[in-house]
Amino acid sequence: MQTALAPEPAPRHSRVVRFWRDYGWAYLFILAPVLLFLVFTLYPVLTALVMSFQKYNIMNSTWVGLDNYERLVKDETFWKSIKNTVIFTLGTVPVNILITFVLSYFIFQMKSKWQTFFKATLYLPAVASGVTISIVWLAIFDPTDSGLLNRFLSFFGLDPVIWLGQSGTALFSLILMNWLGSHGAGIILYLAAMGGIPKSLYEAADIDHASGWTQFSKITWPLLKPTTLYLLVTGVITSFQVFISVYLMTQGGPNFATTTIAYLIYETAFKFYEFGLASAQSFVLAVIIIVISVIQFKYFSSDIEY
Amino acid sequence: MKRKGLVLAMALLMVWITACGNSGGAASNDPGANDTVTVWTYPVHGTYEDELKDLIADFNKEHPNITVKTEMLSWAEGPKKFDVALNAGNPPDLYFHSVDGTYVNTGLALELDSYLTPEIKDDYLPGTLELGQIQGKQYGLPLYQFQWAWGGNKRILDEAGIDWKTIQKNGWTWSEFNEAAAKLTKTLDNGSKQYALVTDGTSLDFIEMLSRNNGMIDVLDESGKFQWNDGRILDTLSFIKNLMDQGYMPKETAALAPAKRTDMFYAGETAIISKAIPYYDVMIQNRSKDIDDGKVQGEKIDFVLLPVPHNDNQPAATTMGGEGYVAFKQKKDKGEQHAKNTFLVMEALSGAKAGNSANELALPFVRQSQADLFKGKELGQQVNLDAAKEMAKHIAMPVVLKLDIDKASQQKQFKEQVVKPNIQALFSGEKTPEQIAEDFKGKGQQMFGQ
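Chains S and D are the protein sequences, given in the same order. The first sequence runs 1 to 306 under the working numbering. The second sequence runs 307 to 756 under the working numbering.
There may be inaccurate statements among the hints.
Interface residues of chain D toward chain S, partial, derived using beta-carbon atoms under 10 Å [claimed, not checked]: (1) L392; (2) T408; (3) N411; (4) T412; (5) S498; (6) P564; (7) K566; (8) K637; (9) E722; (10) N728; (11) E736; (12) K737; (13) P739.
Keep in mind the hints are simulated off the structure, nothing from the lab. All residues carry an ideal CB built from backbone N, CA and C; glycine is no exception.
Modelling step: build the complete structure from the supplied sequences, incorporating the hints.
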């Protein structure tokens, strides 16, 4: 009796040829974006990491080890910028998500053409340039009687406020500006998610005589959690990198009241030419964002099903 | 996958790597070889772009082998663009700016001493060539001397009985200014306020000009000794606080941008503006013509150049410096001949005809040839031209030109990170002069070790 012989392994070169025949085009198609990623993302990040351990000079950098990181720990301005950034994040992200959700909920009840109108209108700030928006808000926050907001206050007999010129109001002014303009993308996402909730769930809830609040808390809100988590994570990442409004409207003042970590990195690099220190600051920012994102995913996504 | 596809992929990869690779070739040392010199500049005055073309055309008649590529930057974004280029190791060959120690620190600023001929040195008026030096080495050729002062609205000054002609000639003290400010501050018939003085809350100019007029030319002196740690800076801060408390300056000063400050001056809401430069005279005359032509609405203003007041027991000091072209090399050095060509272009853009810039800006000339060429063609009112000349007698030479480069960099950081936020706090009433003076002392000790 002859036993069946195991087939001989294919020669190596034919395995390679088969591999390229099966997957070659796929690798060719992703070659360009991978190269772009390597050249314009990974390489600069690695260079910045090396720079963070150097006293950088265009002609001759010096290795300083952890000196830049030690300077950060002792730098009051750095901790102040972290504090300002955290306050800005806590002040904008939850409020923006709430505003976005409420607006989406009301828009969702409307007829289709009104939904389209409001979606387009509320999305407009997202397509407008941040520079343009900042310049308009500078006029609104004008500290004299002619500023729009101060004129509004004068109708109630209130004194003008130096919105961007006082430590107590400058950061709030930037937060207020953020509340009133950043909802377009979130509204689109929430409306799409609301449209994806099966109507049969609400019909079953009606049969069980569930109240409006019960339907909202047991059906709508849980099923919108993935979208909420996404907005929370991206909102935190974006707010931790707030720069344009600070750069154009307050330049980090008055008295560091609006100096955020992103603005501090910019100043350190391009005003003081301390690229090594700025790289160290940016890596600390990156670590903070990563840690917060991990915490958000760990604690807020436990009961999310996709 | 067919063999052709694999070869195509490899070819694309090789093209990519080659494109990203070093394509620089060795520079030629032949003076007649073709070369390109890049110049980044700013709209120094209204017709500077056309003037630049003429200067380059004249230059090319003698040096047809050297192509001059110019780029006109905006004042707002140009400095950032240059900073990025410099720190990437690829600055332009010539850049319009005052010399700066941070440029020298990069190792890319080009030393010009070996290119300066005796004729060029002799043409510069006394004290002007030094404005392009850092620690005695020449890095730039000044095109004009900038001058900072205050500017007055003649109508408002006359109505208040202020003898501005005597002030232009003899200067004024802080006490005299306070007396004048009391007369200049009032509520107008329409209910709005007229202030004695307005400045912007976003820059360091105001505190710098006043501290200069209180015996402290800068935060550090030429030897690097910390100056802002005694009673003089407290007096300066108290003077400013008094201006705010008395209502001579708007309470919104902390949030006033330079443009807003200028708007207030044009609207007649303030008698004096800080800072002002002699060119404002020409600018405001042009504005008056536009008002006559109906292009602009508003009150025509007669501009009066005023010196910054000095403390009663200190001498007057005028903030002045030089601006012109600074020369650079690149990380991939283009060789000695290219450096020589760069200097040739620099000289062409800084010579006698280029003195039109100083003339247009109503500023003092830096070269005798410029003064001779534009004699009798001065712009601006004679009374203000004379005031500028009088103020130039009290020039406070910039300390940064002599200061050690590292100390200059520390000083810049001190000003941005300690002085600016504290001045904003002073304007907004969040800190007292005493608290600020203590902060200056403490932070100065930390940063300068003094």
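Here's how the hints hold up against the structure:
no.	hint	in the structure
1	L392	7 Å, holds
2	T408	5 Å, holds
3	N411	7 Å, holds
4	T412	5 Å, holds
5	S498	8 Å, holds
6	P564	12 Å, violated
7	K566	7 Å, holds
8	K637	6 Å, holds
9	E722	6 Å, holds
10	N728	7 Å, holds
11	E736	6 Å, holds
12	K737	8 Å, holds
13	P739	15 Å, violated
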